[in-house]
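I would like the entire structure built from these sequences, with the hints used as guidance.
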Amino acid sequence: EAQVTQNPRYLITVTGKKLTVTCSQNMNHEYMSWYRQDPGLGLRQIYYSMNVEVTDKGDVPEGYKVSRKEKRNFPLILESPSPNQTSLYFCASSARLGTDTQYFGPGTRLTVL
Amino acid sequence: AQSVSQHNHHVILSEAASLELGCNYSYGGTVNLFWYVQYPGQHLQLLLKYFSGDPLVKGIKGFEAEFIKSKFSFNLRKPSVQWSDTAEYFCAVGNNAGNMLTFGGGTRLMVKP
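Listed in order, the protein sequences are those of chains A and C.
With the first sequence counted from 1, adding 101 to any position gets you my numbering.
With the second sequence counted from 1, adding 1341 to any position gets you my numbering.
The set of hints was computed from the structure by calculation and includes no laboratory data.
Positions of the beta carbon are idealized from the N, C-alpha and C atoms, including for glycine.
Careful: at least some of the hints might be erroneous.
[What the hints assert, rightly or not] Listed below are the simulated BS3-like cross-link pairs for lysine-lysine, each with C-alpha atoms no more than 27 Å apart in a straight line:
| # | chain 1 | residue 1 | chain 2 | residue 2 |
| --- | --- | --- | --- | --- |
| 1 | C | K1390 | A | K172 |
| 2 | A | K170 | A | K118 |
| 3 | C | K1390 | A | K158 |
| 4 | C | K1402 | C | K1453 |
| 5 | C | K1410 | C | K1390 |
| 6 | A | K158 | A | K172 |
[What the hints assert, rightly or not] Covered by chain C, per the in silico footprint, the following chain A stretches (three or more residues, Cβ under 8 Å):
| # | stretch |
| --- | --- |
| 7 | 119 to 126 |
| 8 | 199 to 208 |
Rendered as structure tokens:
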């Protein structure tokens, strides 16, 4: 079954404690993206990757890091989380970014205290 | 920079009412247009998309959208909504180069039985 998986689904942490949210896809897609969803603001792109070892900033990259060492994985790293990063995070993958269907993961709800 | 506006943040309808959700975008080049839906507790999934050709696009579950180039709009419609259409709807715009995708702020639809 074609899918994008994310872990964990829920996470409560404290300010400054580094965390990683994993994302994996099994569709051999070139593109992978991270979004955050906040009420009234829709989905805003954090980072995206066009291929292994190729990443670029989206609209709201501050406070986040990503890596793409393998085609199927695209982890999101928060080195020093802050309360304004409390949000719902989605990973997505697609063959291309602006022309093909995005396949989304189930989301990770992060709370930073 | 590209942007996408969804003017209706919250819409409440009774079953069998007709639906139209607005989406306007700002982008100087050729665009690809998408509507995604997020049912409660689920991840986003594609409802329909427009790349070229007939500006009236039909999607799943009886939804359709019309691309009006002169108005930079891609409004979503459904003649008769059902309770199961309760969800959040996102319009998105991508470019032909395949490296840009921008989402609108979302419209939360509630259908009363």
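These are the hints, each one checked on the structure:
no.	hint	in the structure
1	C:K1390 to A:K172	holds, 26 Å
2	A:K170 to A:K118	holds, 23 Å
3	C:K1390 to A:K158	holds, 25 Å
4	C:K1402 to C:K1453	holds, 18 Å
5	C:K1410 to C:K1390	holds, 15 Å
6	A:K158 to A:K172	holds, 18 Å
7	119 to 126	violated (count 0)
8	199 to 208	holds (count 9)
Checked against the numbered hints listed earlier, the structure breaks hint 7 alone; every other hint is satisfied.
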